[in-house]
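Asks: Starting from the known structure of chain A, arrange chain B on it as the hints suggest.
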Amino acid sequence: MIERNPLRTFIRHVVLVTGVFIVMFPVYIAFVASTHDLASITQAPMPIRPGLLFFSNYVQAIFEGSKNLGSAVGVMMKNSFIMAMGISIGKIVISLLAAFALVFFKFPGQSFFFWSVFITLMLPIEVRIMPSYKVISDLGMLNSYAGLILPMMVSATGVFLFRQFFKTIPREIVEAAQMDGSSPMRFFLQILVPMTKTSIAAMFVIQFLYGWNQYLWPLLITTEEKYYTLLIGINRMLAVGDQQAEWQIIMATTILAMLPPVLVVISMQKLFVKGMTETEK
Amino acid sequence: MQTQKAVFKGILLPYLLLLPQMVIIVVFFFWPAGQALMQSMFMQDPFGISKEFVGFENFENLFKNPEYLSSVGISFTFSFFVAGTALTVSLFLAMSASHVYKGELVYKTLIIWPYAVAPVVAGVLWMFLFNPTVGVVAWLLRQMGVTWNYLLDPIQAFALVVIAASWKQISYNFLFFIAGLQNIPNTLVEAAAIDGAGPTRRFWTVIFPLLSPTTFYLLVMNIIFSFFETFGIIHQVTQGGPGQATNIMVYKVYKDGYLGLDLGSSSAQSVILMIIVIVLTVLQFRFVERKVEY
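Chains as they are written, first to last, in our numbering: chain A, 4 to 284; chain B, 94 to 387.
No lab work stands behind these hints: they were computed from the structure.
All C-beta atoms, glycine included, are put in the ideal place defined by N, C-alpha and C.
Check before you lean on any hint, since a few could be wrong.
[As the list claims (entries may be wrong)] To give a feel for the contact side, a few chain B residues facing chain A, derived at Cβ under 10 Å:
#1 V210
#2 L218
#3 Q236
#4 V375
So here's chain A without its partners, still in its complex pose (with noise of 0.2 Å):
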């Protein structure tokens, strides 16, 4: 920048370098933890550098379980995978549509529709769990896919996302549109939807971190075990009560459910970046 101090440069790296360590440490020990056996985590200190054990763990975490679970890694991951997926391409698809409606067309009614879109972003799931379980289980949707995913589709942040972005489309092209006749279904399908792909991608990521990470949710509705996501699985593992928890396959078990949304964000980090600071939530 201005001055250029060797010694502030050095003071800037370290106070990064110390950042990492902080963040990363515990994610290192978790992962250092997953590839010992259970006696020498238990003894204390445990290790702090990896074992020879990865490759068995991570095999019994993934196929197996945890002795106290009936459910192992592979069932988990599969569902906790339809339930991200299902709640982020359901979102997107849902919104697109909704999105379209509100910017392109003029109808009776369109401010209301607005705004009952819009104070959905004010109420997480958090403050309406018990009423909004009863209406899962009045529907019949306890311990069901549907139900995992639902009502994780109400939030307004893709209305919004595609709302602003459709609404920087230069009236020119929906004019040509027009006069090529094209009908506004296939002006929806076959001009602006390709042209949303970068925001359809950046609302995506967004939601997929989102549908991988719920918790509250899947706790509340799913009692079957073959319906628990990976976080619902780790919490389980550990309710050992006074036996003793199997620390290295509930570690390895943390690892592998941290894995799929850590890779989206690192691999799509500039994408992601930019949903995230667009539509603010």
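Replies: Leaving out everything else, chain B in the frame of chain A:
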């Protein structure tokens, strides 16, 4: 101002396009939110057999209940510490990262890592480090002569959930601070330097005031985060205990409603939380409007 958009004609089509979104919102948002408002006015016996309209009595009972009041206090203290820690640490890191040219991408990539991690997983990671029997940090503390057991000591439990929650929130703040710092015109900082202001002075007189909209936005988001999204951390690490030490409002709604089956009181608590979110959201939108004016 904005030009009028070319508009498609269609009488039924716009409604059909909105239909899926509206169905989801009505069934999974308005219905449950309405139910919460209704329930909060009724007293129900634990078996759900009879209901009695009691008006605001559930609310009155809450405000007379020392346990609820302490939960409110704990929530505010918790969000104060989490927001304070997460904002300070991330601003420090962002200031350093924005002046560093070597290894910038590596630092950024590693620091945003926790953003991808679920709160409950953050809880598991820190719980493991501080677990009284197997935790590495707990062992270190014991070597240093500290009696560490967060399962028994309220202050230690509170500190642990604050650490886990702040760790999770640092990445989010960091990204926004980086974006905010990039938007500060270099010419302003240079002008201050030419006038003889050193780095510290430049920070307080130029950078910090220009960054204040970002900071305010983040403050609101951090409070919302600590009030609502930390449920996973509390549920996994302390379950609101020991005693009431970490029983934040969201956790209490879950405990009283889902585990305790006191629907009236739980719904009244939900309504209070809704009011808090609405106030925070309005604050945040007013700020967004102001930012647009700049």
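Asks: Take the hints in turn and mark each one as holding or not.
Replies: Now the hints, each set against the structure:
At a threshold of 10 Å, the smallest CB-CB gap from V210/B to chain A is about 6 Å, leaving the interface hint in force. For L218/B, the shortest C-beta to C-beta distance to chain A is roughly 4 Å, which falls under 10 Å, so the interface hint holds. Residue-level restraint check for Q236/B holds (minimum Cβ-Cβ distance to chain A is 9 Å; threshold 10 Å). For V375/B, the suggested interface contact is upheld, since its CB lies about 9 Å from the closest CB of chain A, less than 10 Å.
When the structure is compared with the earlier hints, no violation turns up for any of them.
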